[in-house]
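Participant: Residue numbers (our numbering), protein chains in the order written: chain Z, 1 to 667; chain C, 1 to 249; chain D, 1 to 223.
Please keep in mind that the hints were generated in silico from the structure rather than gathered at the bench. Given the structure is predicted, the values throughout are model-derived calculations rather than measurements. Hints are not guaranteed to be accurate.
[To be verified] Coverage of chain D stretches by chain C, computed from C-beta distances (three or more under 8 Å per stretch; other residues unrestricted):
no., segment
1, 11-23
2, 68-82
3, 88-100
4, 208-218
[Unchecked claim] Pair by pair, the computed Cβ-Cβ distance ranges are:
no., chain 1, residue 1, chain 2, residue 2, range
5, C, 239, Z, 541, 53 to 63 Å
6, C, 90, Z, 18, 39 to 49 Å
7, D, 94, Z, 605, 16 to 26 Å
8, Z, 554, D, 97, 22 to 32 Å
9, C, 20, Z, 140, 25 to 35 Å
For every residue, glycine included, the Cβ atom is placed at its ideal position computed from N, Cα and C.
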Amino acid sequence: MTKLDSKIPEGPIADKWTKHKNDINVVNPANKRSIDVIVVGSGLAGGSASASLAEMGYNVKTFCFQDSPRRAHSIAAQGGINAAKNYQNDGDSTYRLFYDTVKGGDYRAREANVYRLAEVSANIIDQCVAQGVPFAREYGGLLDNRSFGGVLVSRTFYAKGQTGQQLLLGAYSAMARKINTGKIKMYNRHEMLDLVIVDGKARGIIARNLVTGKIERHAAHAVVLATGGYGNVFFLSTNAMGSNVTAAWRAHRKGAFFSNPCYTQIHPTCIPRSGDYQSKLTLMSESLRNDGRIWVPKEKEDAIAIQENRMNAIDLPEEKRDYYLERRYPAFGNLVPRDVASRAAKERCDAGFGVNETGEAVYLDFATAIMRYGQEKANILHLENPSDAKIRELGEGVVEAKYGNLFQMYEKITDDNPYKMPMKIYPAVHYTMGGLWVDYNLMTSIPGCYAAGEANFSDHGANRLGASALMQGLADGYFVLPYTIGDFLADDIRTGPISTESAEFDQAEKDVRERLDSLINNKGSKSVDHFHKRLGKVMWDKVGMARNEKGLKEAIEEIRQIRDEFYEDVFVPGSQNEFNQELAKATRVADFLELGELFAKDALERTESCGGHFREESQTPEGEALRDDENFAFSSNWEWTGDPRNSVMHKEELTFNDIELKQRSYK
Amino acid sequence: MNLTLKIWRQQDANSKGAMHTYEVSDISEHMSFLEMLDVLNEGLVAKGESPVAFDHDCREGICGMCSLYINGEPHGPDRAITTCQLHMRKFKDGETIHIEPWRAKAFPVIKDLTVDRSSFDRIIQAGGYVSVNTSGNTQDANAIPIPKADADNAFDAATCIGCGACVAACKNASAMLFVSAKVSQLALLPQGQVERKDRVMNMVDQMDKEGFGNCTNTGACSIECPKEISLDNIARMNREFLIASVLPE
Amino acid sequence: MVALIRTSVARKYAMALSGFFLLFFLLQHLTINFTSILSAETFNFLSHFMGTNPFVQYALQPVLAFGVFFHIAMGIVLELQNRAARDLNYSYSNPAASSTWMSRNMIITGIAVLLFLGLHFYDFWFPELKLKFIDGVWNIEDRYFSELQHKFADPIRTALYVLSFGFLALHLLHGFQSAFQSVGFRNNKYTPTVKLLANIYGVAVPLGFIVVALYHYFGSLTH
Ligand SMILES: Cc1cc2nc3c(=O)[nH]c(=O)nc-3n(C[C@H](O)[C@H](O)[C@H](O)COP(=O)(O)OP(=O)(O)OC[C@H]3O[C@@H](n4cnc5c(N)ncnc54)[C@H](O)[C@@H]3O)c2cc1C
Ligand code: HEM
Ligand code: SF4
Ligand code: FES
Numbered sequence: 001m002t003k004l005d006s007k008i009p010e011g012p013i014a015d016k017w018t019k020h021k022n023d024i025n026v027v028n029p030a031n032k033r034s035i036d037v038i039v040v041g042s043g044l045a046g047g048s049a050s051a052s053l054a055e056m057g058y059n060v061k062t063f064c065f066q067d068s069p070r071r072a073h074s075i076a077a078q079g080g081i082n083a084a085k086n087y088q089n090d091g092d093s094t095y096r097l098f099y100d101t102v103k104g105g106d107y108r109a110r111e112a113n114v115y116r117l118a119e120v121s122a123n124i125i126d127q128c129v130a131q132g133v134p135f136a137r138e139y140g141g142l143l144d145n146r147s148f149g150g151v152l153v154s155r156t157f158y159a160k161g162q163t164g165q166q167l168l169l170g171a172y173s174a175m176a177r178k179i180n181t182g183k184i185k186m187y188n189r190h191e192m193l194d195l196v197i198v199d200g201k202a203r204g205i206i207a208r209n210l211v212t213g214k215i216e217r218h219a220a221h222a223v224v225l226a227t228g229g230y231g232n233v234f235f236l237s238t239n240a241m242g243s244n245v246t247a248a249w250r251a252h253r254k255g256a257f258f259s260n261p262c263y264t265q266i267h268p269t270c271i272p273r274s275g276d277y278q279s280k281l282t283l284m285s286e287s288l289r290n291d292g293r294i295w296v297p298k299e300k301e302d303a304i305a306i307q308e309n310r311m312n313a314i315d316l317p318e319e320k321r322d323y324y325l326e327r328r329y330p331a332f333g334n335l336v337p338r339d340v341a342s343r344a345a346k347e348r349c350d351a352g353f354g355v356n357e358t359g360e361a362v363y364l365d366f367a368t369a370i371m372r373y374g375q376e377k378a379n380i381l382h383l384e385n386p387s388d389a390k391i392r393e394l395g396e397g398v399v400e401a402k403y404g405n406l407f408q409m410y411e412k413i414t415d416d417n418p419y420k421m422p423m424k425i426y427p428a429v430h431y432t433m434g435g436l437w438v439d440y441n442l443m444t445s446i447p448g449c450y451a452a453g454e455a456n457f458s459d460h461g462a463n464r465l466g467a468s469a470l471m472q473g474l475a476d477g478y479f480v481l482p483y484t485i486g487d488f489l490a491d492d493i494r495t496g497p498i499s500t501e502s503a504e505f506d507q508a509e510k511d512v513r514e515r516l517d518s519l520i521n522n523k524g525s526k527s528v529d530h531f532h533k534r535l536g537k538v539m540w541d542k543v544g545m546a547r548n549e550k551g552l553k554e555a556i557e558e559i560r561q562i563r564d565e566f567y568e569d570v571f572v573p574g575s576q577n578e579f580n581q582e583l584a585k586a587t588r589v590a591d592f593l594e595l596g597e598l599f600a601k602d603a604l605e606r607t608e609s610c611g612g613h614f615r616e617e618s619q620t621p622e623g624e625a626l627r628d629d630e631n632f633a634f635s636s637n638w639e640w641t642g643d644p645r646n647s648v649m650h651k652e653e654l655t656f657n658d659i660e661l662k663q664r665s666y667k
Numbered sequence: 001m002n003l004t005l006k007i008w009r010q011q012d013a014n015s016k017g018a019m020h021t022y023e024v025s026d027i028s029e030h031m032s033f034l035e036m037l038d039v040l041n042e043g044l045v046a047k048g049e050s051p052v053a054f055d056h057d058c059r060e061g062i063c064g065m066c067s068l069y070i071n072g073e074p075h076g077p078d079r080a081i082t083t084c085q086l087h088m089r090k091f092k093d094g095e096t097i098h099i100e101p102w103r104a105k106a107f108p109v110i111k112d113l114t115v116d117r118s119s120f121d122r123i124i125q126a127g128g129y130v131s132v133n134t135s136g137n138t139q140d141a142n143a144i145p146i147p148k149a150d151a152d153n154a155f156d157a158a159t160c161i162g163c164g165a166c167v168a169a170c171k172n173a174s175a176m177l178f179v180s181a182k183v184s185q186l187a188l189l190p191q192g193q194v195e196r197k198d199r200v201m202n203m204v205d206q207m208d209k210e211g212f213g214n215c216t217n218t219g220a221c222s223i224e225c226p227k228e229i230s231l232d233n234i235a236r237m238n239r240e241f242l243i244a245s246v247l248p249e
Numbered sequence: 001m002v003a004l005i006r007t008s009v010a011r012k013y014a015m016a017l018s019g020f021f022l023l024f025f026l027l028q029h030l031t032i033n034f035t036s037i038l039s040a041e042t043f044n045f046l047s048h049f050m051g052t053n054p055f056v057q058y059a060l061q062p063v064l065a066f067g068v069f070f071h072i073a074m075g076i077v078l079e080l081q082n083r084a085a086r087d088l089n090y091s092y093s094n095p096a097a098s099s100t101w102m103s104r105n106m107i108i109t110g111i112a113v114l115l116f117l118g119l120h121f122y123d124f125w126f127p128e129l130k131l132k133f134i135d136g137v138w139n140i141e142d143r144y145f146s147e148l149q150h151k152f153a154d155p156i157r158t159a160l161y162v163l164s165f166g167f168l169a170l171h172l173l174h175g176f177q178s179a180f181q182s183v184g185f186r187n188n189k190y191t192p193t194v195k196l197l198a199n200i201y202g203v204a205v206p207l208g209f210i211v212v213a214l215y216h217y218f219g220s221l222t223h
């Protein structure tokens, strides 16, 4: 018997959401004015939720740790956002998007949630266009689409390589409008350090003003956590430096179940690591796989020659190259889902075919695309017998128009010209599918505490398809949470303002102060980053792209060891009452050190492979991930009991009524 | 390589600051500028000294959080990039590098190299939006075709990351490039038409209240802008402003 | 009036309009001066006309005076506001990397021109005022050319004039195109032409004045 009720509405899948909206409680407009909601996070999920809730009439307090809500890490999303608009007339539909997402997630997501996501996806595009988001358009003035990995239709809307930025600025401006009217109170440079629970309900947070160091109490009738993903547990990831698990982890410690922590997406196309000083990894958008072809040399000696800088990629003749994705997956080719592409790259590199000094890189080559586009362009311009050089020049122009900013970014970082030399790429940690457990209303297992966006575990199962996170963040914030939260708040119309003068707030504040003081007073000898890097290395080596029982058990021990050392020997300079970036890092890393262990434990218990979680013990003879639906068709939802080693797992069984469970195949 | 760093240190908004000199060694040319500062800070922490505070988050040139006035230019000597994308190969072994915060009355220093740019947020709050509530019933996204050129120009203006380098570069600490980018984006799109006049008036008003200087068309903003926002936008904003003043609603 | 210059953008329009006005005035001034090279009679005729015609004297001249005053006052106000917008300056700065010297130093070139105006008024305008309004002499029609020759016989004065026109050129090289940008006139089609015109105007007009000054200076040597 589990304590989890996912509250999935009855009825056929296509009617559930409409029916649910009709059935749940609503708060009348006059009463909304006397209800306060805290939203932690100003990314796509938090920003859109804040704006929508404020528009509905709730009093919203929004928090972010950056200096402006516009800087949440959603800003970095490059490639695009999915929506079942079928503008390209290629047979797209709500059902197809639903199907692709469930299949892409390797059948580990909840059907009803995913269907709802697909259902509201079209509204997102309408809403964003109405806000003035400048999506890419065709010459006729209509919206353009591209395709992303793991699907056979073109349903991805984009704004060059800056889709996340444009969408976030849309949500940010919607927020700005409401900040201007006082409906949203914005707390920049504030970090949530604890969740406050009063009478079993989430009624506030403890936040630290990062500029002054002041510990503040904030009360509300409900708390929404939209604090993003926890990929930084790996130290190196494509996440922003400040991305953290603290808000979610603190809620977890207060009773929110943490689901599927081990589901992590390793993105296949990132710029490889260049040295130990490296602070983060940079993504090269998946959209590049529309046109780029991935390869390594066929022969080991060629690979070695390239690794030792004795040979150039462009000098290797076509027949000596191994376009391994096209070879292994003829149907999807370079556009297989991310987990598949990443593992294939690792497989080649582990086999010794990597193409840089570290042997951890493969080529992403645009030569074919440049010539193809150049030829097309030459035809359009009616050029007779253009020279190869001319075609290349025209093609480079087309590629620049499509991917210019990504190519520029690559060149700035690596000092290599990607128009002339194939890019070198390697997988990197990118997204975390796991997160806080939520029911159909996006409420966590703590009443009144909601989770939206990457912070929850909701829609992507064991692997997320490209361009679906932006869709989910905005769906949660614009179109789901604003309705479902009313169901809970309807009971609070007579509650009146929540006081911060209660024993619960006293206790929570005291705990936070003690935590901070102990870090400051520890006066050890090693920096916070020292521990974070060690944690990251264990995670990457043993809980990364391929996992096995032995490695995971070792990882759990090592992480505990690092955690113990952290508390003995960490040095945090400065004081509590000042702008202290080291202290902010320390609180985040402390929580990562607990999460890391739970993460490894989750990976250890799931002995099947699925999506981003690859257990070496569970693979097909060809080395593909092998799911075990008989024993693992559930989500693992962990309950905190005081120490990660004792966390208790609750299963939520996943039932598939509208999609047939099959082994994924992209062949 | 080995470098001498001259860095502005200031404990908080109310303290007086000064330039301090530091030496760093064994810097790889493949490091980013911020990674070089990480190395410096790691060293300072190891010595028990307080590390240099500087803003940063995404470290890939898009969040607009990083700043730094490096060797007399915002985001350093390279063009079309932010500080976090600047790499040490742009510097020479033995070089002295001057690092200061953005300086403008409207961007007060918080600590060391960090400044408060909330004035930018307030300008957007004054009108940098389309007043449309969230609803499932906005018209279909393809109902109004937008000429590609307008869409592209609007996009180019919309790529501003709000970093403030334009203000830092400008001898007048003027925010015209930032403000005009948002005014232009929305003026170019059909969705922005309804509030077009109020928007430009209110945003310019707020810009002035924040204490930014007047534009004298030196063009430094656009050259130093990491997103290469064009001066066309300032001219467009001036036109918008004229129309809104001469032909008010 | 106050409302017009309440916001920064409005102030820019006002500055640009006064600038345009001065640009136009300068062209007119040069045209008349240039006739002094071509024909003393024409020069005397035009100068006398400008100096005595009631419309020019009582309608255009006050407008001009106001225009000059406004431009200067506004220029100084803007400069003070702009300095205040950065309370603490950079200790190390490399502005040349991103903007021209001319564009950054309009106040310096402007004040140089202002100082020149002082000299110029002292040379021509104040004696003119004294003659007309204190002595009441209005009807000598051929004095202008000789006064001109007389003034430019002095090598120091001539040198000062030439130097000032140099400053004027620097002022105009930025000012001309800047005024177009201020009023929002900028597009791919015409802006290159505006910039070209700016450079032609900025060089040709001051050069014209210099030629006039030098012509009379060298002329005085041969007398
Ligand atoms: C480089 C990159 C490229 C991507 N490209 C795509 C793409 O093309 N398409 C796609 O669909 N997805 C993409 N993704 C994934 C997608 O961008 C993210 O999953 C999504 O934007 C997350 O949004 P969010 O609102 O949940 O969180 P975020 O945008 O990360 O926002 C988190 C917010 O929470 C705040 N916060 C966090 N912790 C605290 C705390 N303790 N106290 C106070 N505030 C806190 C932060 O300040 C921030 O405002 C990409 C991700 C990355 C990293
Ligand atoms: C006949 C002489 C002059 C001419 C033709 C002239 C012309 C111009 C023009 C066209 C501009 C550009 C306006 C704009 O950018 O919108 C300008 C700017 C300026 N002028 Fe003059 N000017 C003259 C004299 C002066 C004098 C005497 C001063 C003395 C202070 C001065 C100070 C300035 C300043 C400070 C600016 C820059 C202000 C700004 O761009 O906002 N000018 N001038
Ligand atoms: S206009 Fe350019 S320099 Fe100014 S804030 Fe925007 S991106 Fe930064
Ligand atoms: S850190 Fe985000 S732009 Fe530099």
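Participant: If a hint holds in the structure, say so; if it does not, say that too.
Facilitator: Hints, verified against the model:
Given a C-beta distance limit of less than 8 Å, the hint that chain C covers the segment 11-23 of chain D holds, as 3 residues qualify and 3 suffice. Counting residues of the segment 68-82 of chain D whose beta carbon lies closer than 8 Å to any beta carbon of chain C gives 3, which meets the minimum of three for the stated coverage. Residue count for the segment 88-100 of chain D with a Cβ under 8 Å from a Cβ of chain C: 12. That meets the three needed, and the coverage hint holds. Using a Cβ-Cβ cut-off of 8 Å, 0 residues of the segment 208-218 of chain D lie near chain C, which falls short of the minimum of three, so the contact claim is violated.
Evaluation of the 53 to 63 Å hint for residue 239 of chain C and residue 541 of chain Z yields a pass: the beta carbon distance comes to about 59 Å. Checking the proposed 39 to 49 Å range against residue 90 of chain C and residue 18 of chain Z shows it is violated: the Cβ atoms sit about 57 Å from each other. Checked against the hint of 16 to 26 Å, the pair residue 94 of chain D and residue 605 of chain Z fails, with Cβ atoms roughly 59 Å apart. For residue 554 of chain Z and residue 97 of chain D, the hinted distance range of 22 to 32 Å is not satisfied, since their beta carbons lie about 53 Å from each other.
Distance hint check: the CB atoms of residue 20 of chain C and residue 140 of chain Z are about 59 Å apart, inconsistent with the given range 25 to 35 Å.
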